[in-house]
Amino acid sequence: MKRVLPGFGLSLGFTLAYLSLLILLPLSGLIFKASALTLDQFWAVATGERAMAAYRVTFGASLLAALINAFFGLVVAWILVRYPFPGKRLVDSLVDLPFALPTSVAGITLATLYAGNGWIGRHLEPLGLKVAFTPLGIVVALTFISLPFVVRTLQPVIEDIEPEVEEAAATLGASRWQTFVRVLLPGIFPALLTGFTLAFSRAVGEYGSVIFIAGNMPLISEITPLLIISKLEQYDVVGATALACVMLAISFAMLLAVNGLQWWAANRHHGKERVSI
Amino acid sequence: MSRSIRNVLSGLLASAFVAGALPAFAQGSLLNVSYDVARDFYKDYNPLFQKYWKDKSGESIELKQSHAGSSKQVRAVADGLEADVVTMNQASDVDFLVEKGLVVKDYAKKFPTNASPYTSTMVFIVRKGNPKGLQDWSDLVKPGVQVILPHPKNTGNGRYSYLAAWGYALKQPGGSDKTAQEFVGKLLKNAPLFASGGRDATTTFMQRRIGDVLVSFESEAELIAKEFGKGEFDVVYPSLSILTEFPVAIVEKVVDKKGTRKQAQAYLEYLWSKEGQENAAQNYLRPRDAELLKKYATQFPAIKTFTVDDVFGGWARAFPVHFKDGGTFDQIYQSK
Chain A
124 MKRVLPGFGL
134 SLGFTLAYLS
144 LLILLPLSGL
154 IFKASALTLD
164 QFWAVATGER
174 AMAAYRVTFG
184 ASLLAALINA
194 FFGLVVAWIL
204 VRYPFPGKRL
214 VDSLVDLPFA
224 LPTSVAGITL
234 ATLYAGNGWI
244 GRHLEPLGLK
254 VAFTPLGIVV
264 ALTFISLPFV
274 VRTLQPVIED
284 IEPEVEEAAA
294 TLGASRWQTF
304 VRVLLPGIFP
314 ALLTGFTLAF
324 SRAVGEYGSV
334 IFIAGNMPLI
344 SEITPLLIIS
354 KLEQYDVVGA
364 TALACVMLAI
374 SFAMLLAVNG
384 LQWWAANRHH
394 GKERVSI
Chain B
137 MSRSIRNVLS
147 GLLASAFVAG
157 ALPAFAQGSL
167 LNVSYDVARD
177 FYKDYNPLFQ
187 KYWKDKSGES
197 IELKQSHAGS
207 SKQVRAVADG
217 LEADVVTMNQ
227 ASDVDFLVEK
237 GLVVKDYAKK
247 FPTNASPYTS
257 TMVFIVRKGN
267 PKGLQDWSDL
277 VKPGVQVILP
287 HPKNTGNGRY
297 SYLAAWGYAL
307 KQPGGSDKTA
317 QEFVGKLLKN
327 APLFASGGRD
337 ATTTFMQRRI
347 GDVLVSFESE
357 AELIAKEFGK
367 GEFDVVYPSL
377 SILTEFPVAI
387 VEKVVDKKGT
397 RKQAQAYLEY
407 LWSKEGQENA
417 AQNYLRPRDA
427 ELLKKYATQF
437 PAIKTFTVDD
447 VFGGWARAFP
457 VHFKDGGTFD
467 QIYQSK
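In order, the protein sequence lines correspond to chains A and B.
The opening residue of the first sequence carries number 124 in our numbering; numbering runs sequentially from there.
The opening residue of the second sequence carries number 137 in our numbering; numbering runs sequentially from there.
Hints in this document: simulated from the structure, not taken from any laboratory.
Don't take every hint at face value.
Here are some of the chain B residues that sit facing chain A, going by a computed Cβ distance under 10 angstroms [stated by the list, open to error]:
| hint | residue |
| --- | --- |
| 1 | Leu329 |
| 2 | Thr339 |
| 3 | Arg344 |
| 4 | Ile468 |
| 5 | Tyr469 |
| 6 | Gln470 |
Given the structure is predicted, the values throughout are model-derived calculations rather than measurements.
All residues carry an ideal CB built from backbone N, CA and C; glycine is no exception.
Based on the sequences and whatever the hints tell you, model everything.
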């Protein structure tokens, strides 16, 4: 097939060079640095008691935050696309705020709000719910910073679904639940997964906002990026890169899994279509 | 035509003149790479030195400052940030530059008083009226007392707090490394959180009203008073604390390359002058000058202190023993 625009070779070359320079080069530098360790040393650093606890906190809190956002982000995106209401523009631009706000500002603000005497914390504390300086605080901070990823990924996709599709489903006798699960969700699902993945990846790497609200207690509320900083404080660059490599590997594996899921979801959908035709 | 030639000629002449004069001017620029909270001190100190240097040598000097967390700063210098001088809050940071061959090994002997122009110490900030009656380190390990301090492993003032408590326990009757580690372990168990830095600890204690006592630099207490008002807290001086030193050093490679050794030397020496010492006192840092210390005695009550060199054999030994991975701090948290 003849393309309308020429320049495939040039743009592919550019893409490869650009990605190599921006992503592959620093990453290979990281792995090269970590390779100064023997396998035993690497293993000792990567699987230390505190490191293991920190992975659990980091990935657990990030997963939770991404799940929360997948649900509430979907609701926000749906409302922003489907319903007109006064101040909609304002709400729409509010969603971007976590992108723009320096993360340490977000962290300090959240810590102040959720501390025992903060606006929100003072109502939660009597209920026995401590948020600031506990692992729960980490989830709150990560939910805050990763919200826009879900909303902004879903919005254009929801915009593409014509309201007529829902009407058609209704006239064919589908219940509201069926319309949502059988008609709308299949279209939204791949984008939802993408949004979830982006939110998750963003949360895993987050440092600035978390350290102000986490409390940073060893084995309880230490995130992996804090341990990396701790290694750098000891001028142990190699140890820091070892931890970074582990994070990289886990993140990459999870991203790959999500991509696989997405591929599977898309294919399943296609298969069904063929049957229904 | 002739006019434009004349212009070009005079331009050339002027630039030749400037070029001739330039080395003298170019030398008149120093970069001081420093730790985070020294900002105010050097903001006041730099104009003093500029005036002094102008009077002495007739040379105008440009002074540039860079402030951030001290170990980040030192890494930047090691990676090629062209600092003429470093002014740090912990010897271990300067030691790293020694290791990299940027600073001479005996930098502490190149200037008076261990190359630290001023000192401070760790004190307790408690709620107004001291409701829990906290007077000494031994009160901080009692059950039900909440202690706020910055991360003992990752921050300079957290490390000083940790060593202060350790040294206190060591100097008690029957004190040994074992009892000291138990003591510090108890103290850390009373910490509901580890703040990410000194200022974060202050905010947590003063604004979020968490904890009964904040362990902090004496110099921070006055800044807290400025920010939150004097009526909000009391300062308690424990029976024994640590003398915190703030070493300064010339970065050899940089001053040799830039030809700024003379200026850098003068810049640091002047810290020990009457003016430099008074500036320290005004910034709530204890001057080394005994007369000035007396003059500001109400601001700096007498307190018994020990140094890192006395009790721990210097930072070069204290750091690996206590704060490296697997050190005493990690042991306290991995014994469970």
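task = Would you settle whether the hint for Tyr469 (chain B) is holds or violated, based on the nearest Cβ-Cβ distance to chain A being less than 10 angstroms?
result = This hint holds: Tyr469 (chain B) lies near chain A, its Cβ roughly 4 angstroms from the closest one there, short of 10 angstroms.
inquiry  = Less than 10 angstroms between beta-carbons is the criterion; does Gln470 (chain B) satisfy it with respect to chain A?
reply    = 6 angstroms, holds
Leu329 (chain B) as an interface hint toward chain A, with CB separation required under 10 angstroms = Holds: closest Cβ of chain A sits about 3 angstroms from Leu329 (chain B), inside 10 angstroms.
ask   = Given Ile468 (chain B) as an interface hint, is the shortest Cβ-Cβ distance to chain A below 10 angstroms?
value = 9 angstroms, holds
ask   = Does the interface hint hold: is Thr339 (chain B) within less than 10 angstroms of chain A, judged Cβ to Cβ?
value = 7 angstroms, holds
query = Taking the least C-beta to C-beta distance, is Arg344 (chain B) closer than 10 angstroms to chain A?
reply = For Arg344 (chain B), the interface hint holds, since the closest Cβ of chain A sits about 4 angstroms away, which is under 10 angstroms.
The structure agrees with every numbered hint stated previously.
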